[in-house]
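Residue numbers (the numbering used here), protein chains in the order written: chain E, 244 to 514; chain P, 60 to 491.
To be clear, the hints were calculated from the coordinates, so they are not data collected in a lab. Any given hint could be a false lead.
[As the list claims (entries may be wrong)] Simulated restraints, written as ranges between beta carbons of each label pair:
id : chain 1 : residue 1 : chain 2 : residue 2 : range
1  : E       : P284      : P       : G168      : 27 to 33 Å
2  : E       : G245      : P       : G164      : 43 to 49 Å
3  : E       : A382      : P       : T237      : 37 to 43 Å
[Unchecked claim] Stretches of chain P that chain E covers, calculated by requiring three or more beta carbons in the stretch to come under 8 Å of a beta carbon on chain E:
id : region
4  : 105 to 118
5  : 154 to 160
6  : 167 to 174
7  : 208 to 220
8  : 397 to 406
In this text the structure is predicted, and so the values were computed from the model without any measurement. No residue lacks a Cβ here, since even glycine has one placed at the ideal position from N, Cα and C.
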Amino acid sequence: MGETRIGGRNNVLFTGREDKPVMMLANGFGCDQNMWRLVAPALAADFRIVLFDHVGSGRAEPSAWKPERYATLNGYTDDILRICHELDLNDVVFVGHSVSAMMGVLAAIAEPERFSKLILIGPSPRYIDDAGYRGGFSASDIDELLESLESNYLGWSAAMAPVIMGNPDRPELGEELANSFCRTDPQAARVFARTTFLSDNRTDLARVTVPTLILQCSSDVIAPLEVGAYVHARIPASTLVTLPATGHCPHLSAPAATVAAIRAFAVDDGP
Amino acid sequence: MGRDRRDEPIDPPAPGAAATGGETDYAVFSSLIEDNAEDLYENAPCGYLSTLLDGRIAKINKTLLNWLGYSRDELVGRRSFSDLLNVGGKLYYETHLAPLLSMQGEVGGVALELQAADGTRLPVLVTSAVKTDDAGEPILIRTTIFDARDRRAYERELLRAREEGDRERARLQDLVATLQRSLLPPVLPVVPGLDAAAYYYAASPDELGGDFYDLFPLSGLSWGLFLGDVCGKGARAAALTSLIRYTLRTAAVYDGDPATVLRTLNTALHEQYLNDDRSFCTVIFGVLRPDGDGFTMTLARGGHAAPLLMRADGSADYLPMPLGPLIGAWADVVFTTTTIRLNPADTLLLFTDGLTEARAPATEARAPTTDPSGRYGDEALRAFARELAPSTAAAAVTAIISLLDSLGEGRQDDTAVLALGARTADNPMPSA
């Protein structure tokens, strides 16, 4: 049940059992694949786990980042499909947190045969309020977030970047630095923040044909309950589970409950 | 302080311990040190905040309450830390801080803005650490908050300065690119029967290069051409390049003999050289005349690398011609002309030393360097030309561009390349 670091543009890591179904864990905007560290070991008993970093964050290949490619979710979605193609992953259970939930939606629409199930943690198809829709944010809120990104580099230093990002084989180079799990090139972070919070995938939801679990927290500023209900109402074959947890990251704040919910849907329920 | 207490520790004595003298001094000292932890907590020069794992505020000190304008009852047990942040800060908290706290137990030096009761915003620097119980289970999060108004104002100044620096650099690069273009022909003129192509590589977007070339009409049916390299880079080199260009063009109209043209240029540059000993250059100058199905070309050079002649039969070598003196350095100089014939499918390649002096990658099999200094070198270029010949001008320039690309970091200097060939029936149209 060892780890295999494939690396490459998305710094792919295999863990878990080779004879088990593939489960791809995709973290959202903010940090990197370490976000799954409290749940991946428990899931590794039942799945072949695939972890990766989005281009522009974590230890993804820095030179792969192009502002125009990652200005829409399609660039990220293409990367997910590319990983599936290159590593020949089939019947994938895709677990996407936050914005990666919508990448999973787009990927499963593009290649439904590739995915057996979708698990969306704290999904939101649109963050900004619209006529008849409450996403929870206004456009100016997003500008404030960009300001916060501007004033916080969290362990990022332009001088160190080539050393710490380009060396997936030598993680010790980076791990010593505080905050390295959420280290992002500020320029890439700004583009990702815009891409995330200005996206609108409401009309895509109805096109999902893969069985889908929506996992939300009972108190989440970023994806409020009504947004979870909205996603549930629009994805045809979907199940909604609300975890008694605070915040946007139940896989960190309530890992046991999160694992139980993921396993119950991915293992026990038939497709 | 009393002499008899000089070597005593400065901690207060244990309760009940006998005073050994100097009581008056000690009482003064004791009153100065912190002996009230509660007061230190409440009135510390920073904000203290403890929150439960669900975010609710469990404890907050007076300093922070004063900064925010809230009463203790309004916050403790009722509000969470993220309620005190603006919406952008909440998003940042949820996407960055909360995960980092879970993953590494602490996070420090984060810039946020708190919202006071009256709506004003207080820029702060926040450090948080998770407190665990004896079993290692997290039980609460402790946060210290520093007033960062001055710091943030300073950072904004730095940011503004950086943005201004970026703007200025963009302006400089635009200026450099525009000036550089003005020193090179925008496109090569179409000469009937001549196959011509050129390439210019600028090593730095911030600095004007010192390489130059041109192809221009002379009286009658003849055409002038030159390619060279001035000493140095930047504005001074550009001014010198400008002087060289108009001197060569004017001198060629007056007398088309390349040796005479170079002599005239030498006279003009030497005057400058007496004031500034960097005012010299290397150049190769030629005149082309149509001659049957090809061209006759008369050339002279001053200190410049010999061009490569690639023949239609696939042979290639440096054109044997006298080197000539560096131009501008000496008062009285003599140049010698060499005349060749360009038959159909022959191509002459003129280049500057940015090409041969590029650092060759050690592992690059295509660039066998004979140069002990690790440069790409003349021999490697000759071998390259022999592999390439016969070639059209456009194909030769394209091959040189790929060669330079393959040298990657090794190309450190500006490079100019000008290729001239006589067209064949198969290649009758001007190259793009």
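*Which hint numbers does the structure go against, in order from smallest to largest?*
Per hint list: 2 and 8 violated.
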